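Q: According to the numbering used here, the sequence shown is numbered sequentially starting from 7.
Hints are supplied without guarantee of correctness; some may be wrong.
[Stated by the list, open to error] Taking lysine to any residue and the SDA-like style, the derived pairs with C-alpha atoms no more than 25 Å apart in a straight line are: (1) Lys197 to Arg66; (2) Lys197 to Glu46; (3) Lys197 to Lys157; (4) Lys157 to Tyr65; (5) Lys197 to Ala35; (6) Lys197 to Thr108; (7) Lys9 to Ala21; (8) Lys157 to Thr108; (9) Lys197 to Val58; (10) Lys9 to Ala35; (11) Lys197 to Leu86; (12) Lys157 to Leu173; (13) Lys197 to Leu228; (14) Lys197 to Ala21; (15) Lys197 to Ser40; (16) Lys197 to Pro116; (17) Lys197 to Lys9; (18) Lys9 to Leu29; (19) Lys157 to Phe78; (20) Lys197 to Phe78.
These are computed hints drawn from the structure, not numbers from a lab.
Keep in mind it's a predicted model, so treat the numbers as computed, not measured.
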Amino acid sequence: MIKRFTVLLLLSGLAAIFVSLALGYVPDASLNQSALYYAENTVSDTGAANIVTAIIVTYRGLDTLGEVTVLFLTAAIVGLVLTRGAKAGKGKPMMASGELLTTGAGLLVPLILLMGTYVFVNGHLTPGGGFQGGAILASGIMLVLLTDPMKEFSHRLISVIESVSGLTFITIGGLGILMGAGFLDNSLLPKGTLGELFSAGTIPLVYSLIGLKVGAEFSSMLVSLSETEGS
C-alpha cells in the first residue's frame, strides 16, 4: 500500500511539473544570437544543406568527439563485462529461429544495411547522420543474431572498423586545428555545390566515419551479449 502511494505521489508530482511547464510555455518571437548566426551563415560557412549536421560536425565538433568517446567507453566496458561472463558460464543449446524469421531476415538485412549507409552518407543533405545511420547498421546485426543466436562474428574485424574510423575521425579533426581553422573544420575539402552528394567539405566523410564507428560499437555490444546468452 505504501509502495503504491509513493509511486502515485511521484507520478502526481511529475504531472504537476509538466503541466506547469506547458501552461507557462511562451514561444520565442525571434531566434537568439547563436541560432540566428547558424541560420544565416551555415550554408556559406560549410556548404551543408542540413543545418543540424553542420552544427554537430563543425561548430560543436568537440562535443561530438566527447559523445563518440563516451559511446566507445560504454562499448568497451560492456564487452569486457560480458566477455568475462561468457567465459565463466556453461554452454547451453540455443533455440533455432523459425522459418518466417529466417526468410524475413535474409530479405531485410541487406536493405537495413543499405538504409543505414544511406542515412550517414547523406547526413549533410537530409535528416539523419552518423549516429542514426550507425544505429540502423547495428539493428541489421541484431536481426541476424535473432535469426541465428549461434552466429559468430569476428571481434577483430569489428575492432578494426571501429579503430580505423575513430583514428581517421581524430586525424581529420587534428588537421583542422593545424590549419588554424578549428577542430573538424570542413575546409580540408572543397565545399562543392549546395545539395549535391559530394559537397559540404569533409562533413560527409566525417559523418560516414562516425556511422561506421557507432555501428561497430553497437554491434560489438550486441555480439558480446549474444555470446553471453549462449554460454
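Q: Now tell me if each hint is right for this structure.
A: Against the structure, the hints come out as follows:
1. Restraint check: the Cα-Cα separation between Lys197 and Arg66 comes to about 19 Å, which is no more than 25 Å; the hinted pair holds.
2. Using a Cα cut-off of 25 Å, the hinted pair Lys197 and Glu46 holds, with the two alpha carbons roughly 17 Å apart.
3. Distance restraint check for Lys197 and Lys157: the Cα-Cα separation of roughly 43 Å exceeds the 25 Å cut-off, and the hinted pair is therefore not satisfied.
4. For the hint pairing Lys157 with Tyr65, the CA-to-CA distance comes to about 41 Å; that exceeds 25 Å, so the pair is violated.
5. Our distance criterion of 25 Å between C-alpha atoms is broken by Lys197 and Ala35, whose separation comes to about 33 Å.
6. Proximity of Lys197 to Thr108 is assessed by CA-CA distance (about 44 Å); at most 25 Å being required, the pair is judged violated.
7. Annotation: proposed proximity of Lys9 to Ala21 holds, straight-line Cα distance about 18 Å (limit 25 Å).
8. With a C-alpha separation of about 13 Å, the suggested pairing of Lys157 with Thr108 holds against the 25 Å cut-off.
9. For the suggested pair Lys197 and Val58, the alpha carbons sit about 17 Å apart, so the restraint of at most 25 Å is met.
10. About 45 Å separates the Cα atoms of Lys9 and Ala35, which puts this hinted pair outside 25 Å; it is violated.
11. As the CA atoms of Lys197 and Leu86 are separated by approximately 42 Å, the hinted pair breaks the 25 Å bound.
12. As the CA atoms of Lys157 and Leu173 are separated by approximately 29 Å, the hinted pair breaks the 25 Å bound.
13. A distance of roughly 37 Å separates the Cα atoms of Lys197 and Leu228; the hinted pair therefore is violated under the 25 Å criterion.
14. Restraint check for Lys197 and Ala21: not satisfied, since their Cα atoms lie roughly 48 Å apart, outside the 25 Å limit.
15. The straight-line distance between the Cα atoms of Lys197 and Ser40 is roughly 23 Å, inside the 25 Å bound, and the hint therefore holds.
16. Using a Cα cut-off of 25 Å, the hinted pair Lys197 and Pro116 is violated, with the two alpha carbons roughly 31 Å apart.
17. Of the pairs offered as hints, the one joining Lys197 and Lys9 is violated, with about 60 Å between alpha carbons and a cut-off of 25 Å exceeded.
18. A distance of roughly 30 Å separates the Cα atoms of Lys9 and Leu29; the hinted pair therefore is violated under the 25 Å criterion.
19. Using a Cα cut-off of 25 Å, the hinted pair Lys157 and Phe78 holds, with the two alpha carbons roughly 23 Å apart.
20. Among the hinted pairs, Lys197 with Phe78 is inconsistent with the structure: their alpha-carbon atoms are about 30 Å apart, more than 25 Å.
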